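Residue strings, one per chain:
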Amino acid sequence: ETGVTQSPTHLIKTRGQQVTLRCSSQSGHNTVSWYQQALGQGPQFIFQYYREEENGRGNFPPRFSGLQFPNYSSELNVNALELDDSALYLCASSFSGVDYGYTFGSGTRLTVV
Amino acid sequence: ELKVEQNPLFLSMQEGKNYTIYCNYSTTSDRLYWYRQDPGKSLESLFVLLSNGAVKQEGRLMASLDTKARLSTLHITAAVHDLSATYFCAVADYNTDKLIFGTGTRLQVFP
Chain A
1 ETGVTQSPTH LIKTRGQQVT LRCSSQSGHN TVSWYQQALG QGPQFIFQYY
51 REEENGRGNF PPRFSGLQFP NYSSELNVNA LELDDSALYL CASSFSGVDY
101 GYTFGSGTRL TVV
Chain B
1 ELKVEQNPLF LSMQEGKNYT IYCNYSTTSD RLYWYRQDPG KSLESLFVLL
51 SNGAVKQEGR LMASLDTKAR LSTLHITAAV HDLSATYFCA VADYNTDKLI
101 FGTGTRLQVF P
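Chains A and B are the protein sequences, given in the same order.
Quick note: the first sequence uses the working numbering, first residue 1, plus one each step.
Quick note: the second sequence uses the working numbering, first residue 1, plus one each step.
To be clear, the hints were calculated from the coordinates, so they are not data collected in a lab.
Here the structure is a predicted model, which means the values were calculated and not measured.
Incorrect hints may appear among the rest.
[Said to hold, decoys possible] From chain A, some residues computed to sit far from chain B (all C-beta separations above 10 Å):
id : residue
1  : Ser7
2  : Arg51
3  : Ser86
4  : Val113
[Stated by the list, open to error] Covered stretches of chain B, as calculated for chain A (at least 3 residues, CB under 8 Å):
id : stretch
5  : 29-42
6  : 45-52
7  : 99-105
[Said to hold, decoys possible] Pairwise CB distance ranges, derived in the manner of DEER restraints:
id : chain 1 : residue 1 : chain 2 : residue 2 : range
8  : B       : Asn24     : A       : Asn59     : 20 to 30 Å
9  : B       : Lys68     : A       : Asn59     : 21 to 31 Å
10 : A       : Phe60     : B       : Phe10     : 44 to 54 Å
11 : B       : Lys68     : A       : Gly16     : 32 to 42 Å
12 : A       : Glu82     : B       : Gly16     : 38 to 48 Å
13 : A       : Arg51     : B       : Leu50     : 21 to 31 Å
14 : B       : Pro111    : A       : Gly40     : 18 to 28 Å
15 : B       : Glu5      : A       : Pro62     : 22 to 32 Å
16 : B       : Asn7      : A       : Asn59     : 21 to 31 Å
17 : A       : Gly40     : B       : Lys3      : 27 to 37 Å
18 : B       : Tyr22     : A       : Glu53     : 34 to 44 Å
19 : B       : Glu1      : A       : Ala38     : 40 to 50 Å
Note that beta-carbon positions come from the ideal geometry of N, C-alpha and C, so glycine has one too.
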């Protein structure tokens with residue numbers, strides 16, 4: 001059984017650019033959630049995908065968007081990057097309605113300069 | 001809106017001592033999670049508590065849940081240096097299934 005894999009591990013972008021972060025779910029999991037964790041803070045929910053559709057969204061602007069693919073992997077896209085987008089982005093997979101556990105990936109550290 | 005508060009925010013404790021971290025939440029939920037995070041690392045799942053009165057123990061850590069009081073505790077027994085980390089509680093929003101995290105408790109255990 002594989003865990004949750006995120007790529008890349010680190011990324012530096014310039015303000016105004018666009019970025020795509022990737023997440024491969026744990027085997028058997030059908031739900032993916034994305035969280036943003038700023039330095040010294042708790043993770044904040046961005047959105048969740050279930051069966052390739054957005055299934056809940058936090059207080060993030062539309063320039064944060066995502067996708068889930070048939071194999072349950074997922075992407076997080078952020079357009080028009082701002083300095084405050086610098087954070088650790090965490091992906092978590094789960095199996096909706098069966099097992100209440102969430103498995104988190106190792107995260108992508110995004111720095112916007 | 002569901003809010004989660006932890007206290008204390010920082011905890012410096014001597015090896016061998018006991019202490020408790022508290023997690024309060026504002027609205028009804030049926031799931032509460034405890035996670036550990038080492039600096040620069042991801043979240044490691046410690047406990048999932050699903051019912052009122054649930055108690056789970058792993059090593060020197062024990063978590064409990066009181067849904068009526070909307071309170072969970074993480075008790076540390078005879079702390080050792082390896083427990084130094086940041087501990088988060090998170091509550092599942094009843095309607096949306098998203099996790100709402102507390103502010104975290106940064107624990108430092110010294111000799």
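Results for each hint:
The non-interface label for A/Ser7 is consistent with chain B: the shortest C-beta to C-beta separation is roughly 13 Å, beyond 10 Å. In this structure A/Arg51 is separated from chain B by more than 10 Å, as the shortest Cβ-Cβ distance comes to about 13 Å. At the 10 Å boundary, the C-beta of A/Ser86 stays outside the reach of chain B, the nearest C-beta of that chain being 14 Å off. Consistency note on A/Val113: stated as away from chain B, and its beta-carbon is indeed over 10 Å from all of that chain's, at 19 Å minimum.
Residue count for the stretch 29-42 of chain B with a Cβ under 8 Å from a Cβ of chain A: 6. That meets the three needed, and the coverage hint holds. Interface restraint, the stretch 45-52 of chain B with chain A: holds (3 residues with C-beta to C-beta distance below 8 Å; minimum three). For the stretch 99-105 of chain B, the proposed coverage by chain A is satisfied: 6 residues have a C-beta within less than 8 Å of a C-beta in that chain, meeting the threshold of three. As the Cβ distance of B/Asn24 to A/Asn59 is approximately 21 Å, the hint placing it in 20 to 30 Å holds.
Look at B/Lys68 against A/Asn59: about 29 Å separates their beta carbons, and that is inside 21 to 31 Å. Look at A/Phe60 against B/Phe10: about 28 Å separates their beta carbons, and that is not inside 44 to 54 Å. At about 50 Å, the CB distance of B/Lys68 to A/Gly16 disagrees with the hint of 32 to 42 Å. Judged by the Cβ atoms, the range 38 to 48 Å given for A/Glu82 and B/Gly16 holds: they are separated by roughly 46 Å.
Range check, A/Arg51 to B/Leu50: about 24 Å between beta-carbon atoms, so the 21 to 31 Å window is met. With their beta carbons about 26 Å apart, B/Pro111 and A/Gly40 fall inside the hinted range of 18 to 28 Å. Between B/Glu5 and A/Pro62 the beta carbons are some 30 Å apart, a value that agrees with the proposed interval 22 to 32 Å. B/Asn7 and A/Asn59 have their C-beta atoms about 24 Å apart, which keeps the hinted 21 to 31 Å range intact.
Under the hint 27 to 37 Å, the C-beta atoms of A/Gly40 and B/Lys3, about 18 Å apart, miss the expected range. Between B/Tyr22 and A/Glu53 the beta carbon distance is about 37 Å. The supplied range of 34 to 44 Å therefore holds. Our hint of 40 to 50 Å for B/Glu1 and A/Ala38 is violated, since their Cβ atoms are close to 19 Å apart.
Violation of the numbered hints given earlier is confined to hints 10, 11, 17 and 19; the remaining hints are satisfied by the structure.
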